[in-house]
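A.B. asks: Given next are the chains, with one letter for each unit.
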Amino acid sequence: AQSVTQPDIHITVSEGASLELRCNYSYGATPYLFWYVQSPGQGLQLLLKYFSGDTLVQGIKGFEAEFKRSQSSFNLRKPSVHWSDAAEYFCAVSPGGYNKLIFGAGTRLAVHP
Amino acid sequence: DARVTQTPRHKVTEMGQEVTMRCQPILGHNTVFWYRQTMMQGLELLAYFRNRAPLDDSGMPKDRFSAEMPDATLATLKIQPSEPRDSAVYFCASGTTNTGELFFGEGSRLTVL
Numbered sequence: 025a026q027s028v029t030q031p032d033i034h035i036t037v038s039e040g041a042s043l044e045l046r047c048n049y050s051y052g053a054t055p056y057l058f059w060y061v062q063s064p065g066q067g068l069q070l071l072l073k074y075f076s077g078d079t080l081v082q083g084i085k086g087f088e089a090e091f092k093r094s095q096s097s098f099n100l101r102k103p104s105v106h107w108s109d110a111a112e113y114f115c116a117v118s119p120g121g122y123n124k125l126i127f128g129a130g131t132r133l134a135v136h137p
Numbered sequence: 010d011a012r013v014t015q016t017p018r019h020k021v022t023e024m025g026q027e028v029t030m031r032c033q034p035i036l037g038h039n040t041v042f043w044y045r046q047t048m049m050q051g052l053e054l055l056a057y058f059r060n061r062a063p064l065d066d067s068g069m070p071k072d073r074f075s076a077e078m079p080d081a082t083l084a085t086l087k088i089q090p091s092e093p094r095d096s097a098v099y100f101c102a103s104g105t106t107n108t109g110e111l112f113f114g115e116g117s118r119l120t121v122l
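If you read the sequences in order, they're chains A and B. Sequential numbering from 25 applies to the first sequence in my numbering. Sequential numbering from 10 applies to the second sequence in my numbering.
Think of the hints as simulated: they come from the structure by calculation, not from any bench. A couple of the hints might just be wrong.
What the hints assert, rightly or not - The calculated label-pair distances, taken between Cβ atoms and stated as ranges, are: (1) Gln-82/A - Gln-26/B: 25 to 35 Å; (2) Gly-52/A - Gly-68/B: 35 to 45 Å; (3) Ser-75/B - Gly-65/A: 22 to 32 Å; (4) Thr-82/B - Ser-96/A: 33 to 43 Å.
Even for Gly, the Cβ is constructed at its ideal location relative to N, Cα and C.
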């Protein structure tokens, strides 16, 4: 069965520091991969997605993610974190497309001033 | 600015009462999903539709939950009778199969006393 693992439940970084959130997936073929962000009391907003092609994808708000097939990973990065980035981040996989998303448990990011 | 609209945003009810949540997907989207979010289980897929046809509702407790799309502009999720364990945030999301991504509403927070 397809699954998504986000090993870090909570991460705290200082404002201006770099950030990497980890995501590993389990799927037989190359799935569609996504990162979503959820602010408190809000719905989920798409940060970026990977379908095929260049394995380094750029998203909104200065985020990027790199697909590594050999590691079944799709880690999210940002070179310099802003206080407004504090939120919960979800990695998701869509096996075979059709929009059906399977989500990881999420990583809650706190940003210290 | 196209968005998924969910009503009600908040609902407090007593155990045994019927609850209906409504969703207006983005115009032109042909897939609609219902997700439930809780602290313990994270984001769970309850049901989804493509071109208004139900494709999968295996994530739903069949005895009390039902999901329908009476027309292309309305999706409903009904719980009858409601139980305290149904307390959660219910998200509706819509998308198109050719892009693979989902757009989420702001959610309906349900509290069953």
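A.B. asks: Next step is simple, just say for each hint if it's right about the structure.
C.D. replies: Right, here's what the structure says about each hint:
| no. | hint | verdict |
| --- | --- | --- |
| 1 | Gln-82/A - Gln-26/B: 25 to 35 Å | 47 Å, violated |
| 2 | Gly-52/A - Gly-68/B: 35 to 45 Å | 22 Å, violated |
| 3 | Ser-75/B - Gly-65/A: 22 to 32 Å | 27 Å, holds |
| 4 | Thr-82/B - Ser-96/A: 33 to 43 Å | 39 Å, holds |
Consistency note: the structure conflicts with the earlier hints numbered 1 and 2.
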